[in-house]
Every structure is written in structure tokens, then in C-alpha cells.
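Taking the numbering used here, I'd label the letters of the sequence shown as residues 860 to 897.
Straight-line alpha carbon distances no greater than 25 angstroms define the calculated SDA-like cross-link-like pairs of lysine to any residue that follow:
1. Lys871 x Leu882
2. Lys871 x Phe861
3. Lys871 x Ile885
Quick list of simulated restraints, FRET-style, between CB atoms:
4. Lys871 x Tyr896: 32 to 42 angstroms
5. Leu862 x Arg884: 28 to 38 angstroms
6. Tyr896 x Leu862: 45 to 55 angstroms
7. Tyr896 x Tyr863: 41 to 51 angstroms
I should point out that these hints are in silico values taken from the structure, not numbers from a laboratory. Note that beta-carbon positions come from the ideal geometry of N, C-alpha and C, so glycine has one too.
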Amino acid sequence: MFLYLMIILFSKTYYLHHIYFNLNRIFITEHYNIIIYE
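Given only the sequences and the hints, what does the whole structure look like? Please build it.
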């Protein structure tokens, strides 16, 4: 049971981290594009 909860928690945190990383990457690329085009 404990292992099962750990797996669920890990998968959720991994998923959120993945979303956060993607959003960060999009934000950074757009920021660089603004800097380049200004």
C-alpha cells in the first residue's frame, strides 16, 4: 500500500514537473524572441 502511494505521488509530481518544464521552455523561447525582435 505504501509503495502504491509512493508510485502515485511520484507519477503526479513527475507529470507536474513535466508540464512546468514545458511552460518554462515556451516562456523562455518567447522571451528570447521578443529580445531578438526588439
